Structures are given as C-alpha cells and as structure tokens.
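Trainee: The primary structure of each chain is shown beneath.
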Amino acid sequence: MTEPETTIPENIQDMSDHAAQTDPLEALKATSTGVENKKMAMWAFLASDCMFFGTLISTHLIYRKIYPGVEDPQDLFSIELTGFSSFILLMSSFLMALTVSAAHKRNIPGMRAFLMGTILFGMIFLGGQVYEFAHFVHDKGLTLSSSVFGSTFYVLTGTHGVHVALGVFWLLMWFLASLPARLGDFRGERSLLLQLGIFWVSPVLVLVSLYFVKHHEIAYLLAGIGWGILFPLILLASGSLRGRYKRENALDVEVAGLYWHFVDVVWIIIFTAVYLVEYL
Amino acid sequence: MSTAASHEQIADIDAGADSHGIWTRPLRKTGIVGFLTTVDHKKIGIAYAVGALFFLLVGGVEALIIRLQLMTPENDLIDARTYNQLFTMHGTTMVFLAVMPLSAAFFNYIMPLQIGARDVAFPRLNALGLWTFILGGIVINLSWFFQGGAPAIGWFGYAPLTSRQFSPDLGTDFWIIGLQILGIASLVGSFNFITTIVNMRAPGMSMMRLPLFTWMTLITSFLIILAFPAITIALVELMFDRHFGTHFFEVSGGGKPILWQHLFWIFGHPEVYILILPAMGIISEVLPVFSRKPLFGYPLVVFSGAVIGFLGFAVWSHHMFTTGLGIVATSAFAFLTMLISIPTGVKIFNWIGTIWGGRIRFTTPMLFALGFIWMFMMGGFTGIMHSSPPVDAQQQDSYFVIAHFHYVLIGGSIFALICGIYYWFPKVTGRMMNDFFGKILFYTIFIGFNLAFFPMHILGMSGMPRRTHTYKAEMGWSEANLWSTIGALILGFGIATFVIQLIYSCFRGEKTSSDPWDARTLEWETASPPKEYNFAYNPVIHARDQSWENKYGKTGKRMEKIAPGEHGIHMPDQSWWPLVVSIGLFIAGMGVVFHGQPLEALVPFVTSEIDVSLLHLTVPGLVLTFYAIFKWALEGPGGYHLHPSPEELKGTREAQPHEQQGH
Numbered sequence: 076m077t078e079p080e081t082t083i084p085e086n087i088q089d090m091s092d093h094a095a096q097t098d099p100l101e102a103l104k105a106t107s108t109g110v111e112n113k114k115m116a117m118w119a120f121l122a123s124d125c126m127f128f129g130t131l132i133s134t135h136l137i138y139r140k141i142y143p144g145v146e147d148p149q150d151l152f153s154i155e156l157t158g159f160s161s162f163i164l165l166m167s168s169f170l171m172a173l174t175v176s177a178a179h180k181r182n183i184p185g186m187r188a189f190l191m192g193t194i195l196f197g198m199i200f201l202g203g204q205v206y207e208f209a210h211f212v213h214d215k216g217l218t219l220s221s222s223v224f225g226s227t228f229y230v231l232t233g234t235h236g237v238h239v240a241l242g243v244f245w246l247l248m249w250f251l252a253s254l255p256a257r258l259g260d261f262r263g264e265r266s267l268l269l270q271l272g273i274f275w276v277s278p279v280l281v282l283v284s285l286y287f288v289k290h291h292e293i294a295y296l297l298a299g300i301g302w303g304i305l306f307p308l309i310l311l312a313s314g315s316l317r318g319r320y321k322r323e324n325a326l327d328v329e330v331a332g333l334y335w336h337f338v339d340v341v342w343i344i345i346f347t348a349v350y351l352v353e354y355l
Numbered sequence: 002m003s004t005a006a007s008h009e010q011i012a013d014i015d016a017g018a019d020s021h022g023i024w025t026r027p028l029r030k031t032g033i034v035g036f037l038t039t040v041d042h043k044k045i046g047i048a049y050a051v052g053a054l055f056f057l058l059v060g061g062v063e064a065l066i067i068r069l070q071l072m073t074p075e076n077d078l079i080d081a082r083t084y085n086q087l088f089t090m091h092g093t094t095m096v097f098l099a100v101m102p103l104s105a106a107f108f109n110y111i112m113p114l115q116i117g118a119r120d121v122a123f124p125r126l127n128a129l130g131l132w133t134f135i136l137g138g139i140v141i142n143l144s145w146f147f148q149g150g151a152p153a154i155g156w157f158g159y160a161p162l163t164s165r166q167f168s169p170d171l172g173t174d175f176w177i178i179g180l181q182i183l184g185i186a187s188l189v190g191s192f193n194f195i196t197t198i199v200n201m202r203a204p205g206m207s208m209m210r211l212p213l214f215t216w217m218t219l220i221t222s223f224l225i226i227l228a229f230p231a232i233t234i235a236l237v238e239l240m241f242d243r244h245f246g247t248h249f250f251e252v253s254g255g256g257k258p259i260l261w262q263h264l265f266w267i268f269g270h271p272e273v274y275i276l277i278l279p280a281m282g283i284i285s286e287v288l289p290v291f292s293r294k295p296l297f298g299y300p301l302v303v304f305s306g307a308v309i310g311f312l313g314f315a316v317w318s319h320h321m322f323t324t325g326l327g328i329v330a331t332s333a334f335a336f337l338t339m340l341i342s343i344p345t346g347v348k349i350f351n352w353i354g355t356i357w358g359g360r361i362r363f364t365t366p367m368l369f370a371l372g373f374i375w376m377f378m379m380g381g382f383t384g385i386m387h388s389s390p391p392v393d394a395q396q397q398d399s400y401f402v403i404a405h406f407h408y409v410l411i412g413g414s415i416f417a418l419i420c421g422i423y424y425w426f427p428k429v430t431g432r433m434m435n436d437f438f439g440k441i442l443f444y445t446i447f448i449g450f451n452l453a454f455f456p457m458h459i460l461g462m463s464g465m466p467r468r469t470h471t472y473k474a475e476m477g478w479s480e481a482n483l484w485s486t487i488g489a490l491i492l493g494f495g496i497a498t499f500v501i502q503l504i505y506s507c508f509r510g511e512k513t514s515s516d517p518w519d520a521r522t523l524e525w526e527t528a529s530p531p532k533e534y535n536f537a538y539n540p541v542i543h544a545r546d547q548s549w550e551n552k553y554g555k556t557g558k559r560m561e562k563i564a565p566g567e568h569g570i571h572m573p574d575q576s577w578w579p580l581v582v583s584i585g586l587f588i589a590g591m592g593v594v595f596h597g598q599p600l601e602a603l604v605p606f607v608t609s610e611i612d613v614s615l616l617h618l619t620v621p622g623l624v625l626t627f628y629a630i631f632k633w634a635l636e637g638p639g640g641y642h643l644h645p646s647p648e649e650l651k652g653t654r655e656a657q658p659h660e661q662q663g664h
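So the protein lines, in turn, are chains W and D. 76 is the number of the first residue of the first sequence in our numbering; add one for each residue after it. 2 is the number of the first residue of the second sequence in our numbering; add one for each residue after it.
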C-alpha cells in the first residue's frame, strides 16, 4: 500500500516546498495555538452546525410528542433499509479516517482508493434516502404538507441529505484532484485503472440489478445509465482539477474529513431521535 | 515611502489558476475594481461602516416618521398599515443593518491591528461577509418597491401573523430572504474572527493580554455562530410554510405558533448581547486611555463578558412570560435573568474603578463613554424590573418596554459606537474630528435622546401600548408624546450632524500623529492610516497595555520588532469570487421571494400567464453560487510580496532561528 510520493512530478513538489520553507515570514505565520487556521474555522463551523441540527431535531421531537400526526410510524418506516444505510454511512466514516491517515502518510494511491470508497458509500446512503423519500411520498402518502410529521421529517432528514450530498461533492473534487494531470499518465500507475473501473461499473451494476429486483422500476435503469455516461464525462472535464493535489493538501482532506465525520455523527442522532424512538 | 511591490507568484498552484479562469485575477488596488475585489480588512471595515451608517440614517428617518405620527393625538400623517411597516422596518434595519454591521466594521478594522496580525485569517471570506451584508440589506429594503410594500409583521415576526393567510404580500418574503442572507454574512464573519483571534495573535500576545475589545469580539463571534442557526432554521421553516405548504407554524395543520417565539428568542436574546458586548469592549478601551490608568480588574471584566454571553442562552423565555409557560419555567427564567445583572454590574463597577482617581481628560470619546455608563445603567435598571414576571405582566407590550430597550440600544450600543468612531477616527484616516463640535454634538444627542425616551417610561406606566398607530386625546398621553417627538427630532438632528461632521473630517480634519490620544493598545503603534500590511515588522508582545509600556514602561516590557525576511511581507491577492458568490445568493433569494407569483410581480408592465418558479431564478442563482465557490477554491489565496521602506524598519531585529519554525 505504501507507495512513495514519487507519483507527484518531482519539480512541482520542489517548488511548493521552496515556497513554504525559505520564506521566514511564512514560517512566522505558525498559528498561536498550533492548530491550522482552516481546521480551526471548520471546528467553529461544526459548532454552529450543531445548533442548526439541534434546532431541527428539537422541532421534530416537540411536534412528535404533542401532535403525532402519523398513526403508526412503525408501519411507515422500514427499519431494515434505514438501518442498512446508517451502517453504510458509519462505514464511510471509517473509510474517511483511513483516507486521512493515508493522506498524512503521503500515500496518494491509498488515499485515492479509500476516498473512492467513502464517496461510493456516501452515494449508497443518498440513494437509500432518495428511495425512502419516493416510497413515503408515493406509497405511504407522507408529504411535506400531509401532516406536521411530514413537515419536520422531510425538512430534518432533507437538510442532512443536503449535507451528505455536499460532502460527496467535496470529496469527489479531492478524488479528481488526486488523479494524474495528464490522461496519458493514468496507465503509469498501478491499480489506478482498476479503481476507476470499480468506481464506474459498480453503481451501474447495483442500479441495473435493482431494476430487475424492484419490478422493473424505470428510474433505476435511467440512474444506472446516467452514471455510466456521466462518470467518464466528469473524468474528461476535470482537466483543471487533476494533478492539483499536493502533499500539503493533506490538511484540506483532513478538514473535509472533519465535516464528513460530523455529518455521520449527526445521522446517528437523527437515526435515534427520528427512527429508533418509534420502536421503543 | 518607497514601498516596492513585486508580483512574484507565491506558489505554482496559483499561477495555474490564472490562465484557466474567465477573469484573470484582479490586481488593481484603486478605483471601482479595487473596491469590488478588495480583501483588505481595513477597506472592508470602512465599507461596513459606510453601509451601516447609511442604514442608520434610513432607520432613523423611519423612526422620525413614527414619532411625527404620534406627536399629536388622532394624527393622520400616515395610515395604520404604513405605520406597521415603518416600525417593522425600523426595528429590522436598526438591529441587523445598523448596529450589528457597525460593530462588524470595528471588528474588521480594529481587531487585527490590536492583535498585531497582517489581516484576518481568511481575507476572501471577509469580503464575502461584506457583500452578503450589503446585498441582504438591499433585499430587505427592496420590499418597499414591490406589491404590498414592506413587511408589517414587527421586527420579531410572530407567527401566525407571518403566514400566507394573514400576510399575503411579498414584504414578508423579502424579510425572510433578506435575514437569511444577512445570517450568512454574520456567520462567515464570525468563523473568520474566531479563527483570527485564537490563531493569529502576535508572539507573546497571550489570551489574557488581549485588548478588551478583541475579547468582546471573540465572545460576540461565539454568540453569533451559536445563536444565528436558531433563527436561520426558524426562517427556513417559515419559508417552507409560506411556499411549500408545510405546517410548522400553521395552526390548521397542527403547527404551534409558540414554537416561533421560542426559536426566535433563543436567537433573539443572545442577539441582545451581540449588540451590546462590542459596545462594552469599546468602552473598556476608551475609559483607561482617558483616565490614564489601566483597566480596573481586567480578568473580571473579561470573565463577566463571557458569563454574560453564556447566560444569554439561558434566558430567552423572559420575552415570553405572558404566554403562560407555567410556574416552574417562569420562575427559572426569572431567576436566570436576574443572575445576568451580576456580571453586568461587575463590569460597571470595574469601569467606575477605572476612572476612580484617574487623571481624566474630557474629550468627545470620553464624554460618550461616560454617557454610555449612565444611560446603559438606566436601561439596565428597567431591565431588572422586567425580569420579575408579575412586573413584566404589567409592562409587557407597553411603552415602558420601548423606553427600556432604547436606553440599552441607543444609550448603550449607539453611544458606544459613536464613541468608538471618535476614538478610532484618527487611526483610520490620520485626521482628527473636531473636539469642540464633538462635545456640542454629544450634548445634543444626549439631551435629545433623554427627551425622546424618558417620557416613554411614564407613557408605558400610564398604559400606552406599543405599536399603536394613534391614540385619543382623553388618554392623557398627549403631552409626553409631544415632548418625546421634540426629543426625537433633536436626536435625529444630532445624529445627522454627526454623520456630516464625520464626512467633513475625512477630507478637512486636522492632520495628526499616529497616537494622538496617548493610548495603550497595539493599534496605536502603527501609522495612521495603517499601511496595507498593518505593521512593517512582526511585533513581539511583552505586556497587556503594550503601547503604553513602550512609552512609559520598563525596558523589559517594551515591544520587540522583528524585521520581515528578504522575501518581504506576504499579502493575499484580490478576488472577484466573493462578490460573485453574493450575487448568486441574491439571485437565488429573489427567486424564492417571487416563487409562485405571476411574472408581472417581478417585472412590471409584462403581461404573461407564467408564474415565477424556482427554475427561473433560484436554480440559476444557486448554480452561479456553486460555480463561484468552485472557482474560489481553485484560485487559492494567491499572493505577492511587499517590501517596507528602511525607515519603517528602524529599531527592528532579525528573526532568531527558533522564531522561524513554522508549519
């Protein structure tokens, strides 16, 4: 796993090191606490985000108590599905931790592999949520305006879903940035093409098999075809991003990781306060 | 004065971005491009102040129209609906567009100078805060020009008045979206200030050596990041109620309007301290300087500020005593509210201790600071009265409450902010504001303010309800209302003249040295106005009142100056993207305001059958926002190096090896 950092072109690495080490003022800019500015700002943001989710979760719990609105939430929820996607999200946190560790060890291929896993797991979670929302709206008749329960449920879990989606997008940017700058260099790296193949094919396979399992629901097929077409296009269009990952960007990946872990922790609370509490 | 600039590329990563972008990186420092793309905390601070003073005048005119309407009984200067719109916009403008941004102007300009930093931690994020503030203010005030006019819901917008059923017009939607955008401004600003204060202090500037204003900036920023989410979510819920049929506050669908009150005041009470703590910070800077004594009980003043901030989150329900919370909740919130008078009292005693036995100079800032202590105490005393639920039940929604919070917000916040402007004006412009005129203006404002608001105590006690558009002559309120209006006109004249003096002094004020007040804190060590890079050297701090110690202290407590290395001083590049992100948010917000309305509401004189949907403006606006954030990230902070002139580097020494250890 521990491939040395020779994957970065030698000259770029030297230049960035040069800028960081020979400028004494840059050196004096070491922060007062020793925690980097970006990380400090992310912690402040997460503190604030706690209050965002805190307000939404309180709204849901208050209304659940005084005005149940839905006769039998146990009938509404499918705890097996939500439990599965919660497990997937937790495992994505585990992969994120491995990503950050690999980034700090300057093991770029390893980082890329774990990052890909994190993104795929995040996408599975999002897929689960899309399925759940569609199922609730079409089969169970729960909408934003059908009851207060619908209002609080969709706004709370929807806000969390938007957080996950932004996180997936953010991590995808770093995945693309860690690819070689020139498409010709792709073959030079061991297992890179295999990784990209998995990234490309596995969502398609899952979606197509869902199409057959779930009574030929056309949306699965379309989503599968969509990803099959979209992914190569993203790779081609990412020219300005590819090759931008330098080893000092490990900090940025770590900051993205902080965000990702936070979003997962919040999901544990939502899963408890919205789903599990109905089975007590 | 020969400052050599060199546009070396700091890192190769940034060089790459320029060639790919639609816009190359803006380099001009002057003119309109320099203004729109600036990342300099000093320019941003000045822009905040200009915007805030403009909105202060707008809110002041709204207040004067209200007072003119109430001058005589059964007056019909304006109708009831316009009156409702005016007090809604007056409150919203003063809280969110005048006092908060004026505080933010000081945070921006003064705080980095006080801690010896070159800029804030994220200069481009700072610019984003400025542009979202300005565009958010524009969104709220645009409501006057569209169907239905401004919102008429009160500045705290209680449900269910804000529902589509009772407020069908667009004013409420403008209010919701404007406050959301302003929330972004406050939040990104606060993340930035927290990081800056915690992380970018000069060597030797420990937390307990921070100037008091910087401490209060830190505490205020924490209050903002923890309090604003509550109102943001409440506004999101209200927006969903109005546009997408949810039932958060809709009684017919099972919602509870009281939830709005809780969410609003969980934000609203910390907001009170967001407005007053910066003011207390300014006062704690000014009193020691003009008493020629150190601040009395520095750790206690810091600690009581933190306690005020902490307790501020535990007292919100005292705004809701009359809603019937139950005995236990009411007693608990009454007790916690009374508790807040302790740290506040500690601060006041410390300020008195500071001037006690000092060699006081009665300059204009000192007069405003002393006026602050007295007037803020008046507001504080009536505040303690409100903390008792039975008393509060009598005073709820009466003019007594109006008197109370105008004493703490004008006699408190505005006095302190004007005090801060007189005090730091020489630092910002290198010129003085005339002290004689300043004193005349102080007495004008002081007399006008008391004449306007003291009679309101009596009016409230004799039963005049707030938010009443007129009253009968038999009620016996006529005389006090007449005096109050006369006072308001004097106050308005005073504030307007103050703004004129401010503008005049920018161009014609007497030139002055870098330290005209013989002051105590680090910002007075650098030139007035400060250079782009704030300090030509890196200061090493050895004392709390470092500037004072440099002048009068022992040799061991003097500041050390470390010269920049051969590369010079690293400055961040300017950027278009903060402005573009704000414009994207503005467009997206306008899309939500007009969501579901016929196209005519947005574009007059156009007749068509189309309703505005989210696809027309919101989605394109969000796409623009995300595109701009993406470009922002790709462009990187960039940078170039500046070399200070040799005379600026007099008395500096080279950095020691151990001081060079960095990342």
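Just to be clear, a hint being listed does not mean it is correct.
[As the list claims (entries may be wrong)] Below are the BS3-like pairs computed for lysine-lysine, each with C-alpha atoms no more than 30 Å apart in a straight line:
id: 1; chain 1: D; residue 1: Lys-632; chain 2: W; residue 2: Lys-180
id: 2; chain 1: W; residue 1: Lys-113; chain 2: D; residue 2: Lys-30
id: 3; chain 1: D; residue 1: Lys-632; chain 2: D; residue 2: Lys-44
id: 4; chain 1: D; residue 1: Lys-552; chain 2: D; residue 2: Lys-562
id: 5; chain 1: W; residue 1: Lys-114; chain 2: D; residue 2: Lys-632
id: 6; chain 1: W; residue 1: Lys-215; chain 2: D; residue 2: Lys-552
id: 7; chain 1: D; residue 1: Lys-44; chain 2: W; residue 2: Lys-114
id: 8; chain 1: D; residue 1: Lys-552; chain 2: W; residue 2: Lys-113
id: 9; chain 1: D; residue 1: Lys-552; chain 2: W; residue 2: Lys-289
[To be verified] Over 10 Å on every C-beta distance to chain D, these chain W residues come out as not near it, computed from the model:
id: 10; residue: Met-115
id: 11; residue: Asp-124
id: 12; residue: Ile-163
id: 13; residue: Leu-165
id: 14; residue: Leu-201
id: 15; residue: Tyr-206
id: 16; residue: Ile-273
id: 17; residue: Ala-298
id: 18; residue: Ser-315
id: 19; residue: Tyr-350
[Unchecked claim] Far from chain W, by Cβ distances over 10 Å, these chain D residues were calculated:
id: 20; residue: Arg-29
id: 21; residue: Asn-200
id: 22; residue: Val-237
id: 23; residue: Ser-342
id: 24; residue: Asn-351
To be clear, the hints were calculated from the coordinates, so they are not data collected in a lab. Everything numeric in this text was worked out from a predicted model, so none of it was measured. Using N, Cα and C, we set each Cβ at its ideal position, and we do this for glycine too.
Trainee: Each hint should be assessed against the structure and marked as holding or not.
Mentor: Do the hints match the structure? See the list:
1. D/Lys-632 / W/Lys-180: With a Cα-Cα distance of about 28 Å, the restraint between D/Lys-632 and W/Lys-180 holds, given a limit of 30 Å.
2. W/Lys-113 / D/Lys-30: Measuring from Cα to Cα gives roughly 27 Å; hence the hint holds.
3. D/Lys-632 / D/Lys-44: With Cα atoms ~23 Å apart, D/Lys-632 and D/Lys-44 stay inside 30 Å; holds.
4. D/Lys-552 / D/Lys-562: 15 Å, holds
5. W/Lys-114 / D/Lys-632: With Cα atoms ~21 Å apart, W/Lys-114 and D/Lys-632 stay inside 30 Å; holds.
6. W/Lys-215 / D/Lys-552: Given pair W/Lys-215, D/Lys-552 is violated - Cα atoms ~76 Å apart, limit 30 Å.
7. D/Lys-44 / W/Lys-114: Given that 30 Å is the threshold and the Cα spacing comes to 26 Å, the pair holds.
8. D/Lys-552 / W/Lys-113: 37 Å, violated
9. D/Lys-552 / W/Lys-289: Roughly 81 Å between the alpha carbons, so the hint for D/Lys-552 and W/Lys-289 is violated.
10. Met-115: 5 Å, violated
11. Asp-124: 7 Å, violated
12. Ile-163: Given a closest Cβ separation of 26 Å, the condition holds.
13. Leu-165: 25 Å, holds
14. Leu-201: Nearest chain D Cβ is 17 Å from W/Leu-201, so the label holds.
15. Tyr-206: 21 Å, holds
16. Ile-273: 26 Å, holds
17. Ala-298: Fine: 20 Å to the nearest Cβ keeps W/Ala-298 off the interface.
18. Ser-315: 5 Å, violated
19. Tyr-350: Label holds. Min Cβ-Cβ 20 Å, cutoff 10 Å.
20. Arg-29: Given a closest Cβ separation of 25 Å, the condition holds.
21. Asn-200: With a cut-off of 10 Å, D/Asn-200 comes too close to chain W, as the shortest Cβ separation is near 4 Å.
22. Val-237: 7 Å, violated
23. Ser-342: 26 Å, holds
24. Asn-351: 26 Å, holds
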